[in-house]
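Fit the two chains together into the complex; they arrive one by one in their own frames, and the hints show the way.
Keeping their order, the protein sequence lines are chains R and A. Heads up, the first sequence stops at 593 in the numbering used here, and the numbers go up one at a time, no gaps. Heads up, the second sequence stops at 329 in the numbering used here, and the numbers go up one at a time, no gaps.
Chain R stretches covered by chain A per the calculated footprint, using a threshold of three residues with CB under 8 Å from any CB of chain A:
1) 328 to 336
2) 385 to 399
3) 564 to 576
Since the hints were made in silico from the structure, they are not lab data. Each residue gets a CB set at the ideal place from its N, CA and C atoms; glycine is no exception.
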Amino acid sequence: VSQVTLALGFGLVTSAILALGAVGFTLQFGVSNIFNLAFGNVMTVAAFVAYLVNVRAGASIWWALGAGALAAALLSVAISRMIYSPFLRRGAELFTMVMVSLAVSIILQNGIQGLSGTSFYAYTPVHEASLRVAGTVLTPQQLAIVGLAAVSLLAFHGLLRYTRLGKAMRATAADPELARGCGIATDRVMDVAWLVSGVLCGMAGVVLVMNTAAFDFNTGNEFLLLVVAAAVFGSVGQPYGAMVGALVIGMGSELAGIVSPALKDVVAFAILVLTLIVRPSGLRASALARLVRATP
Amino acid sequence: VSTAYQYYAITLLVYFGVNVMACWALNLQYGVAGVLNFAFIMFQSIGAYTTAVLTLGPSSHSTFQTYVLGASLPWPVPLLAATAVGGVLALAVGAFALRPGRRDYQAMVMLVVSIIATTLVVSQKGWLNGASGLAAIPKPFSDGLDLDLVGYGWFYVGLTAVVALVTYALVHRVTNSPWGRRLRAMRDNPTALESLGVDIRRESLKVFVIGGAIAGLSGGVLVEFIGAWAPGSWTTAETFVYFVAVIVGGAGNNLGVTLGAALVLGLFQEVLRYLPSFGYAGLSEIVQFALLGVLILAFLWLRPTGILPERRRRLSPAPAGRAP
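Bound conformation, chain A alone (with noise of 0.2 Å):
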């Protein structure tokens, strides 16, 4: 297999590992806990910048950007320092933004945070170098390891997928608690759980803490593969498609959302490389864009529940003889 096919097979990989950690994020949050989070793409790219920012090395005038917190941490530190920071600002997001009682009344709420925190990013040149964003971000263990450039992608597809592997077993067992059950039930009628004594505030502010962890750390495996990030790179469309990823493979079912983010992530976007480009520069994605949301109009008329819906859990069955 040439070099240029083996590349590509890496980026392929190591995009789909952080895609589906991130949908894994996001269907505990939405699939699991009924929580919208329509903010979710700007907790991944605060984990991308804390990644960023810790393994460039301080700014100075010298470079051609400037950041704060500059600092050169080892591997897995700056990983560790995302995840901390997605939790933290989904901490304070949660804080305002999920005191609304209805769900919806929150995705706007979060859109709208997120909207903001692009626009201030991009203003204040000072903190992670405005529109431009930060680039030449440097690879963990790039300098003692000595491998070319497809032996290193290599490498860091396992990464990944450690990584990957790691957090599924925590959203798996997440999901799978009594917890998760109570998760379930908080999506499902609220007003009932309420009533039992449950603080659904609390219980929506946990599960959002936990979401925008991982997607701080998903933000962060991105940044030290492709090396830059930018505002341009963190719109509100692209929470859109992990939303259409998430209902498209089924929402509330894990296994659902891998294929979900392997579809629409994976195959939707790249089948358009494929086709023969037609119009002007940019025209494909923007057809692309709009077929999306056909897609999930579709998705959400004709099949609500997704390709692999969530399994039906049922208590223990009753004895027998006792059946109503």
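Excised from the complex, chain R in its bound form (with noise of 0.2 Å):
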């Protein structure tokens, strides 16, 4: 197994979790027009959710997914319901979002540090042999992680492009007043697109820690710089512009990872001026309008 193999596929891994993570927010940014700076902490608070159904409660990891997936889906329609809506409405200029995401990230992530401490914590780990696949080694954890990636996202597909709610959402996100005024309830939709892009971001949260064994309180807000890395080369707001971001940042940070393992970060960075300076609105900068007008 070359060492480029290798990191081939674990930059699969990177990227199957990143794409969920950056279909999320990404989502969020659609529906609201706002940036969660708070996506990350939700993140971790979905990682220490499964943290205590694996070890504490001793149920299986998947368990645990399945409850971390489901407090990061309510954490995520409770701020966006409490704190952004509010401020929404309000009409609340951009930059007082901002201000606002980070006051919530800056909450959650020192409640979060305030009941965890600055210890690492890890799931309880799986023995399992590692099966070569495709000229590489990944764990059947990190397969399932894959795979699950993958249903995840073709669900996701399928619930924008084939259902009347996922019209609603895609219609919400173009013109939130147009739509309102064809007689959607932009509201729920918005709480929907919230819970879903919140399922997204626990199983995240929860697939990250399993892949990298230990976490602390700050484990999804550093991850949080990768997602948005993903999420502008992609346009912000665009779904599957965030998948293709997610597979080369994924790709790119592992196969730098081959020369030094601080590089990964910086490779992230370095795609995400590169975006900025050619292309400052991302890869698919007018394809939803081009995804709306495509669909009878």
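As structure tokens, this is what we get:
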């Protein structure tokens, strides 16, 4: 097994985790028109809920994953309803909203740290033989993570593309005023969108920890950097762009990790900067408009 | 007054001078021009590092810390260098971070830049001594002046005051100049200003560079007093605290921002020292940060313009009898 194919294998796992996060993040931006800087902290909350279920209650990691996703979904809806929506309804300016979401992030971050301290936590280890797949070595758990991400994102694609709800979500993202005028209950659509993105966020948080073994109060927040880079690469607000961004950033950072582990984040950053210089609004700048027009 | 209390007052005053300079710079960017510099602490930090390496002398194998560009230049050269480097870094970062049209988009990119900068400095130990940071930075004039600790402290308070006053004069001039008016117009309605032929990105970049330079200067003044600087002291949370100070005091109003610096960065932080400690070590600091988050949410909801709001500016009154 060469180092490159090995890195590509790990890159696939990283991309899968990143795709879950980036699609969730970008969906929140799409429907609410804000950057939710507390996204990473909600991931951490999910990771801790999963820890309680997995280690304290002794359930399997998959139950823990479900619990983490549920917790993140509920927390996301609560944040959106109780904090973001009231500010948005008042017509808060964009930079007020950045401050609001940063404040929520700081509160969550310090809340988690206050409860958990600065120690590291880990899930119950599973002992499984590694598998050789397509020239690379992955654990069954890592394969499951990739599968889970693929299934979740396909389901998300189906929801967005082939259901009335998905159509309502796209309409709300494209023009909330017009959508409301057409009789779409945008408040409800926003709740559902935050619920769905919360599930993706929670899954990302738990599988991130499954893949990296140990975590602390800051784990999700550190990962947010990659999520932002992937979302910006694919144009923020564009779920399909976010998936492409996740693949590029995930593969790029793992390949750079061959040279030096410190380079992982730097590569994500370099891709972000290049995107901003070459195409400030990202890969799929006008894709949503096209998508809206193309579907009857 | 006992020496301990005097030294406490000295520390508070120097910190206030530094914080208020930083808040003025941030206010110029955010309060006046509407540029969301969420990497603010990075500019203060590079100023501190620049000043540190230019006063520490060459890094050799015998010293306990490794860094680049070691020199021991006389005061004010390191501070001037800190100012220049802060401005240059702002130019470099602004060149790409200010490219997206939306301010919140820019803010998020800068947040990422700030985090990456910390990661780089921590991982590259040869640059600025990694996570341990730089220490034992000499104080200016301490050899020439024959002063005890407290006497030197008061001297440094004076030095800080001079630098702060010069900064205030500059910031005040800029905010009240025609260009300041243009910046406020850009904050309130960038599209309208753009339609008048103003290059928004260029104006943003200018104010970004000026703010970055002042931030660098403030970092230099601080590091010469405290004598140490490490990545732990410039996380994004520190940027958040500066924003809280500016918003609570009154964004767009230099006096309001001064009050905000005194209340949020002075009073709010110090009050906790006098409360009985609780929980494990460090818990009170965590609670304090969470409370800052609650405080800013409350302010943004109840009084978004801050304690001393920006003065409403009017054009000269319309001639009598021609009122609409």
